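Participant: Residue strings, one per chain:
2 protein chains.
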Amino acid sequence: MFAEAGLEALDDAGVAPDEVEALYYGNFMGEMADHQGHQGPMMAEAIGADGVGATRYESACASAGAAVRQGVRDVRNGEADLVVVGGAERMTNIGTAGATEALSIAADDLYEVKQGITFPGAYALMARAYFDQLGGSTEDLAHIAVKNHENALENEHAQLHREIEVEDHQEAPQLASPLGLYDSCPITDGAAAIVLASEDYAAENGLDDTVAITGTGQGGDRLALQDREDITETPAAANAADEAYDDAGIGPDDVDFAEVHDCFTIAEVLAAEALGLFEKGEGISKAREGVTTRDGEMPINVSGGLKAKGHPVGATGASQIAQITMLLRGDHGRSDAVDGASTAVAHNAGGTAASTTVHVLEVSD
Amino acid sequence: MFAEAGLEALDDAGVAPDEVEALYYGNFMGEMADHQGHQGPMMAEAIGADGVGATRYESACASAGAAVRQGVRDVRNGEADLVVVGGAERMTNIGTAGATEALSIAADDLYEVKQGITFPGAYALMARAYFDQLGGSTEDLAHIAVKNHENALENEHAQLHREIEVEDHQEAPQLASPLGLYDSCPITDGAAAIVLASEDYAAENGLDDTVAITGTGQGGDRLALQDREDITETPAAANAADEAYDDAGIGPDDVDFAEVHDCFTIAEVLAAEALGLFEKGEGISKAREGVTTRDGEMPINVSGGLKAKGHPVGATGASQIAQITMLLRGDHGRSDAVDGASTAVAHNAGGTAASTTVHVLEVSD
Chain A
33 MFAEAGLEAL DDAGVAPDEV EALYYGNFMG EMADHQGHQG PMMAEAIGAD
83 GVGATRYESA CASAGAAVRQ GVRDVRNGEA DLVVVGGAER MTNIGTAGAT
133 EALSIAADDL YEVKQGITFP GAYALMARAY FDQLGGSTED LAHIAVKNHE
183 NALENEHAQL HREIEVEDHQ EAPQLASPLG LYDSCPITDG AAAIVLASED
233 YAAENGLDDT VAITGTGQGG DRLALQDRED ITETPAAANA ADEAYDDAGI
283 GPDDVDFAEV HDCFTIAEVL AAEALGLFEK GEGISKAREG VTTRDGEMPI
333 NVSGGLKAKG HPVGATGASQ IAQITMLLRG DHGRSDAVDG ASTAVAHNAG
383 GTAASTTVHV LEVSD
Chain B
33 MFAEAGLEAL DDAGVAPDEV EALYYGNFMG EMADHQGHQG PMMAEAIGAD
83 GVGATRYESA CASAGAAVRQ GVRDVRNGEA DLVVVGGAER MTNIGTAGAT
133 EALSIAADDL YEVKQGITFP GAYALMARAY FDQLGGSTED LAHIAVKNHE
183 NALENEHAQL HREIEVEDHQ EAPQLASPLG LYDSCPITDG AAAIVLASED
233 YAAENGLDDT VAITGTGQGG DRLALQDRED ITETPAAANA ADEAYDDAGI
283 GPDDVDFAEV HDCFTIAEVL AAEALGLFEK GEGISKAREG VTTRDGEMPI
333 NVSGGLKAKG HPVGATGASQ IAQITMLLRG DHGRSDAVDG ASTAVAHNAG
383 GTAASTTVHV LEVSD
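Residue numbers (my numbering), protein chains in the order written: chain A, 33 to 397; chain B, 33 to 397.
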């Protein structure tokens with residue numbers, strides 16, 4: 033899978049594999065799902081770049097986001113001119129129960145997992161607290177799922193191409209109240225790769241149709257929900273966004289659209305609020321009101337998001353960057369939705385956002 | 033364990049935990065040994081730095097080396113002024129068989145592990161090829177083990193404080209011929225942490241007794257031994273060394289002593305040759321000849337090395353830097369051995385050196 037993604041990215045960039053100077057690679061559950069750690073060198077070989085420095089990043093579901101961040105930093109700081117950043121995850125081979133067990137390892141083992149909480153339960157606690165303190169209902173969440181399923185219909189890289197209605201969401205089996213089946217992203221096999229080039233390299237080698245990553249941010253939080261002051265917000269994401277905006281010299285008002293980490297519908301709400309796209313407590317209704325739909329003022333997850341594009345855990349942070357790049361360039365099935373857009377953000381969260389990265393992408397001149 | 037190491041490092045540097053801007057953390061088998069991935073945020077909290085960006089690096093036994101490399105790059109490039117780099121590994125809780133199984137995940141699962149090769153077997157193949165093509169004997173290896181056990185006697189952080197003789201090595205049970213029990217490092221629980229500060233931060237905050245990391249290098253190779261041209265050498269390490277030397281503006285002739293990744297005695301030989309300290313084929317006899325002993329021309333593994341200091345896998349790359357720092361500063365039980373030394377290298381290898389980092393340390397003015 034990673035060979036396919038990596039070689040497609042290199043081909044798209046018009047760069048030969050032997051030009052690659054380093055690989056920054058995200059993977060979360062390789063030890064559990066494939067009995068294979070130390071995947072960095074293996075994946076460099078898979079894309080024809082064996083011999084380069086190749087490191088695996090693991091930050092739960094934000095593994096590739098962490099890899100993107102270091103790739104961006106190293107290229108802009110002159111440590112390398114041409115690198116590949118990406119990730120891969122195989123999950124279906126260990127089944128739903130196996131994947132749920134493997135995913136749980138991203139939570140605090142002592143205070144969460146051993147007490148019986150896996151991620152549907154953890155995000156259910158966050159949703160319940162949000163509803164209690166700030167308002168909202170499962171019908172609000174339904175509109176997020178409906179939107180993301182609809183968005184994915186024209187995304188050739190999406191896992192799910194199936195329209196759903198609010199009623200489907202409301203009548204679906206519960207996972208952990210108030211979250212039901214359609215509040216959760218699916219279990220996904222997948223890979224993503226992007227080519228990062230320095231401005232000089234891109235100019236000298238005639239790379240065209242480039243998109244610039246102009247800002248990077250990372251934030252952290254305590255791993256266990258019980259150790260946080262307020263589980264209706266995600267300060268790790270807010271801090272990452274502040275850093276990324278500062279880095280890019282923009283603010284949330286400059287953002288035209290966003291790809292955010294909607295592992296569960298409620299996570300999309302928390303992400304959008306942390307990114308400063310909406311005030312706290314106001315994000316919950318934005319899909320229902322049509323603000324975050326494709327033709328709304330602030331389209332979110334035009335790709336279909338984790339909900340319908342899919343969530344190959346260790347690849348997701350790179351997938352978001354790839355999707356935004358295609359959307360901004362106009363070669364994505366949903367590019368119409370962001371016609372004229374010049375600035376987008378990608379938000380990738382690990383665990384219950386205990387580690388989060390935010391990147392700002394802008395169409396380069 | 034990581035809290036202990038991290039807080040000791042911060043205390044040694046005279047820096048408060050809330051000064052820490054980011055954590056670069058190495059761990060290899062947390063999923064297998066502790067049912068705990070996503071350890072970055074957890075370890076940031078453990079050292080009182082919760083909320084900072086915290087990423088786990090996994091590059092098998094070179095996990096902490098990869099973390100050190102990114103920490104060094106980010107600090108010298110102005111991305112941060114004060115960061116903690118380290119790693120931790122708990123191995124004994126899953127027993128020898130469990131640890132051997134977990135370690136095997138760093139090898140190529142399809143072409144090595146499923147064929148029955150774990151690391152003692154892989155390094156035995158390398159030793160056998162070396163003996164066949166370049167000469168040497170198990171008695172040469174014995175002198176490496178004897179030297180490293182002896183060196184560890186005065187290292188308060190070492191796991192094994194027990195002198196051995198050549199005869200002990202020769203009479204010990206075989207693991208995988210030609211390697212026996214005393215050719216292998218032990219299974220270790222441990223943690224290591226170092227504080228990296230920018231030159232400006234160090235000057236402004238009066239940090240004293242500092243050591244400079246002046247060069248960083250990383251190399252890669254194909255994961256499986258069968259895919260390599262010559263298993264009597266480790267080009268990933270040679271490439272990493274070349275990069276690190278170039279970066280520091282030195283050559284191997286400038287190196288006063290080295291800490292290298294002797295997970296097996298033969299690995300010390302391959303490392304020293306890759307670092308350019310000896311010609312290919314000449315490293316095997318250097319312990320026997322007294323060249324790499326504490327009073328030799330080129331002391332190697334004055335700390336006791338992985339062999340006797342111990343090998344807490346995800347911490348080892350940071351442990352080497354910490355040991356060299358103490359040796360150069362004169363506050364290590366074996367500092368006498370490197371009296372007057374100003375330049376040292378640390379070599380950290382993952383798998384059969386499929387991923388390797390090399391760092392150059394110099395006493396700063």
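Any given hint might turn out to be false.
The calculated EDC-like cross-link candidates involving lysine to aspartate or glutamate, where the alpha carbons are at most 20 Å apart (straight line), are [what the hints assert, rightly or not]:
1. B/K312 to B/E231
2. A/K146 to B/E329
3. A/K312 to A/D279
4. B/K312 to B/E329
5. A/K312 to A/E261
6. B/K146 to A/D286
Which residues of chain B face chain A? A partial, calculated answer using Cβ under 8 Å [unchecked claim]:
7. P49
8. D50
9. A65
10. T375
Derived from the structure by calculation, the hints contain no laboratory data.
Small disclaimer: the values here were computed from a predicted structure and weren't measured.
We treat Cβ as the ideally placed atom computed from N, Cα and C, and that holds for glycine.
Participant: Within a Cα-Cα threshold of 20 Å, do A/K312 and A/D279 meet the stated pairing?
Facilitator: violated (23 Å)
Participant: Hint check: A/K146 vs B/E329, CA-CA at most 20 Å. Holds or violated?
Facilitator: violated (54 Å)
Participant: Going by Cβ atoms only, is B/A65 closer than 8 Å to chain A?
Facilitator: violated (10 Å)
Participant: Next pair to validate is B/K146 with A/D286; report whether the Cα-Cα distance is within 20 Å.
Facilitator: At roughly 53 Å apart (the allowed maximum being 20 Å), A/D286 and B/K146 break the hint.
Participant: Going straight from one Cα to the other, do A/K312 and A/E261 come out at no more than 20 Å?
Facilitator: The hint holds at about 15 Å.
Participant: Does B/P49 pass the interface check with chain A, least Cβ-Cβ distance below 8 Å?
Facilitator: violated (13 Å)
Participant: Keeping to a limit of 20 Å between CA atoms, is the pair of B/K312 and B/E231 held or broken?
Facilitator: violated (38 Å)
Participant: Keeping to a limit of 20 Å between CA atoms, is the pair of B/K312 and B/E329 held or broken?
Facilitator: Given that 20 Å is the threshold and the Cα spacing comes to 18 Å, the pair holds.
Participant: Quick one, is the B/T375 hint okay against chain A at 8 Å, beta carbons?
Facilitator: Because about 22 Å separates B/T375 from the closest Cβ in chain A, which is outside the 8 Å limit, the hint is violated.
Participant: Min Cβ distance, B/D50 to chain A: is it shorter than 8 Å?
Facilitator: This interface hint is violated because 13 Å lies over the 8 Å limit.
When held up to the earlier numbered hints, the structure conflicts with 1, 2, 3, 6, 7, 8, 9, 10 and fits the remainder.
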